[in-house]
Amino acid sequence: MTAPNNYNTTNAHSRDRDLIFYEDTHTYIHNGVALTSVSNVIKDFFPDFDAEAMAQRKAVHEGVTPTLLLEQWDAKGAVAREVGTFIHSQIERTFLGLPTEMTYHFVYEGKEIRREEHVSIEREMTYFADLCKHPILLEHPIYRTEWRIYDEDLRIAGTIDCLLRSPEGKFVLMDWKRSEKIGREEYGNFIPMTTNPFPYAIGKGALSHMSDTPFTKYILQQNLYSHILRTRYDIEVEEMYLAVLSPVYSSYHLVKVPRLDAEVEAILSTRR
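Residue numbers for the sequence shown, in our numbering: 22 to 293.
It is worth saying that the hints were derived from the structure and are not from the lab. Note that CB positions come from ideal geometry on N, CA and C, so glycine has one too. All clues given are correct.
Taking lysine-lysine pairs in the DSBU-like style, the calculated list, with each CA pair at most 30 Å apart, reads: (1) K238 / K64; (2) K132 / K79; (3) K64 / K79.
FRET-style restraints, in silico, Cβ to Cβ: (4) T88 / N26: 40 to 50 Å; (5) R280 / G190: 15 to 25 Å; (6) S141 / A227: 37 to 47 Å.
Sequences and hints are given; from them, build the entire structure.
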């Protein structure tokens with residue numbers, strides 16, 4: 022793997038200047054118009070989790086307030102999101118040849134709970150270092166990282182973790198995932214979670230054949246990114262991967278993402 026420190030500048034696209042991203046609100050703005058994130062577009066095709074109703078029921082049985090449960094769940098989600106974002110930034114800094122940090126300081130302030138901890142990402146970054154020795158990364162130089170792309174007509178936008186390009190012009194899309202909910206290890210192999218144990222946890226409408234799992238949403242996300250790159254940036258992605266870097270696993274796992282052209286068309290038909 023080779024990664025010149027100026028690759029994001031060298032491979033900048035003329036469309037980049039028309040998109041603004043506000044990280045604190047995770048908002049994409051194109052020429053003054055707010056765009057919907059790809060993850061939120063996908064989210065609309067799956068049932069919502071009614072956290073407040075669940076908290077009301079569980080609070081009675083556990084003898085606590087619903088607010089306490091909601092804040093516990095919120096804090097758990099917040100640390101996962103924030104540490105995940107931190108890992109993304111450290112991976113990009115590694116590619117750019119910049120100093121990196123191995124600990125994230127997490128603080129959560131709620132009405133009923135306060136949570137503070139220093140989260141080490143040494144294991145995740147060790148897995149990432151091992152991943153960098155994989156032939157795919159060795160043979161495909163870094164083209165762009167943390168690249169914000171969009172389709173103004175469909176009013177959608179998203180951020181690509183990593184796009185690789187071989188000397189022959191072959192593009193590979195890769196997404197870093199720290200989640201432990203993507204799948205399970207079994208006798209040295211990684212088995213993606215393609216089925217939700219709850220039979221009614223399925224997609225809506227044209228996606229009713231898909232189970233509601235994080236893996237399902239991640240592969241849909243990659244396919245939508247690939248579509249935007251092809252139709253708006255003239256980049257044909259030949260392969261897509263999820264690079265799983267969760268500390269609960271014994272090593273990293275590189276999971277190939279299947280093509281979901283019919284599903285992408287079904288999703289985008291609602292945006293036209």
